[in-house]
Amino acid sequence: MSSIAAAWRRLPWWVEPVSVVIVLSVFGLYSFAIVSFLPGEYKEYLSPFYSPPIPHPDWMPDFITAPMFIIWMPLGFRATCYYYRKAYYRAFFWDPPACQAGAQEREPRKAENYRGERAVFVLNNVHRYFLYASFVVLAFLWYDTVLTFFPGGSFGVKVGSIIWLANVVLLSTYSLSCHSLRHIIGGNKDCYTCVRGGNTRRKLYNGVSRLNLQHPQWAWFSLFSVLLTDIYFRLIQAGVIPDLTILG
Amino acid sequence: MSEGNGNNPGGVTSKAHSPVPDEDLGKSGKMAKLKIFRGDAEGGEEIGYEIPLVEGMVVLDAVLAIQAQQAPDLAVRWNCKAAHCGSCSAEINGRPKLLCKTRVEEYDGGEIHVGPMRAFPVIKDLVSDVSWNYEVSKGIKPFQSSEQAPFTMYEEDVERLYEPKKCIECFMCQDVCHVLRTHHKHPEFAGPRFFVRNQWLEMHPMDEADRLADLKEDNGLGFCNITKCCTEVCPVDIHITDNSIIPLKERVADEYYDPAKWLMRKIRGS
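As given, the protein sequences belong to chains V and G, one line each in that order. Our numbering applies: residue 146 is where the first sequence begins, and numbers increase by one. Our numbering applies: residue 6 is where the second sequence begins, and numbers increase by one.
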């Protein structure tokens, strides 16, 4: 991994922001297409974009689909995430695109117009509320994953169940490594020995801190896992590949 | 040991602290190519120099060799040559680096462009005027406690305070921060170095001062858009963004941007 990271660092500075723009744009378009036009249930599987399944109200216009009532939670969680903020400020706003002097000189915003996170982006401070909402969605994703291990009502393991499990583990790890969670769980205390349960909070804080060191990696791995899980779902639904049984 | 030799007029006892001896220059048969900014606040240009490469040579060695042999009026600030004092901060190929911690071999024989830190006024050649930082430092609310030192504190309460204390005040994080470097928010924005200092004070179990209003208003924490350049250049590996700036942003959010906490404060009358 360190050699890959070293090779990545040797690339021209614009490679990283351009890659981020491409990946996030493709993911955004794919997500929009899925929740707008395609179904989300097949056999024991539920697409991660459709969890939890909710009915579409009759009075709602058809272009607003049921999963759109859900997707704003994980979407908002990622949009306000401290790591993704870094990624999109650099990639989409070039604010700055990279750290080298040559890259910073290309920052398009005039000095007098720069407001950082003081103007519209001050809204990113609600990240903790999207975290709470994402935990609700995560609970449903775990429930959906358990159901994939009981195809037809009895225990069984298929390739799909393993994929759903890997996806929910990665999403959980991403959520549990969140900077806001790190703050709420113990980072907001100055003195652990002065408060009831302080030692437990310190241990939880240290645990989240360890996960937090790899927060960017969890952010990308979980993004790709959602994408790959949904692609697998579409492939078995279309009959392109079989969902092989491993056990049961 | 090179105590008292001709290359060590200060009588420093470690060879690491002395310039590269003349007899070592040229042993490798390779040349190091440097382009060094020569000028002052009025302007200047890069001048090319070549010197014999010595295995293990750091950029400061090369600059000092050039100063000794080719350009005696070349201005460079340095002191410990051991990455402890933070004096020799400069920009190498557009990135802030400690001259004493950057090996010439890292650049694979390519040209090495050396210049002063650009977020601050240039005095001469590689020397910038970093005194603005000391003025900011004076404005940081000092440690306040109603108890008299020495304090009894427990390891688990102070373990987070070791990392910010590693800071050597090289000001490279200030130099690379686009809020200062590109947007020139010097009057309104304290910069990463002082968020590290504030984090140490804010998380200190014995400190009782309220710093959140200062952080939000006077120190301009909201100008930081957490793009992590400060963390990338820190020579002592302080996780400035993750462990100082973001925790402070979360504390400011507790106080000013969390509607539930605001409501609870209203109900409790606090």
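In short, the hints are calculated from the structure, not lab data. Any given hint could be a false lead.
Said to hold, decoys possible - Computed footprint of chain V on chain G; a stretch qualifies when at least three of its residues, placed anywhere within it, have a C-beta under 8 Å from a C-beta of chain V:
# : stretch
1 : 156-166
2 : 204-218
What the hints assert, rightly or not - No farther apart than 30 Å at their CA atoms in a straight line, the calculated lysine-lysine pairs in the BS3-like style are these:
#  : chain 1 : residue 1 : chain 2 : residue 2
3  : V       : 334       : G       : 143
4  : G       : 170       : G       : 190
5  : G       : 38        : V       : 231
6  : G       : 106       : V       : 231
7  : G       : 38        : G       : 129
8  : G       : 40        : V       : 334
9  : G       : 221       : G       : 190
10 : G       : 143       : V       : 348
11 : G       : 143       : G       : 38
12 : V       : 231       : G       : 190
13 : G       : 170       : V       : 348
14 : V       : 334       : G       : 266
15 : G       : 129       : V       : 255
16 : V       : 231       : G       : 35
17 : G       : 221       : V       : 231
18 : G       : 129       : G       : 143
19 : G       : 40        : G       : 129
20 : V       : 231       : V       : 334
21 : G       : 171       : V       : 334
22 : V       : 231       : G       : 271
23 : G       : 171       : G       : 221
24 : V       : 334       : G       : 106
25 : V       : 348       : G       : 171
What the hints assert, rightly or not - Ranges between beta-carbon positions, derived for each pair:
#  : chain 1 : residue 1 : chain 2 : residue 2 : range
26 : V       : 345       : G       : 147       : 28 to 36 Å
27 : G       : 126       : V       : 281       : 14 to 22 Å
28 : V       : 159       : G       : 106       : 52 to 60 Å
29 : V       : 387       : G       : 113       : 25 to 33 Å
30 : V       : 280       : G       : 89        : 40 to 48 Å
All figures in this text were calculated on a predicted structure; none of them were measured in a lab. Glycine residues also receive a C-beta, built at the ideal position from the N, C-alpha and C atoms.
- Task: Could you tell me which of the numbered hints above are not met by this structure, giving the numbers in increasing order?
- Result: Hints 5, 8, 10, 11, 16, 22, 24, 27, 28 and 29 contradicted; others consistent.
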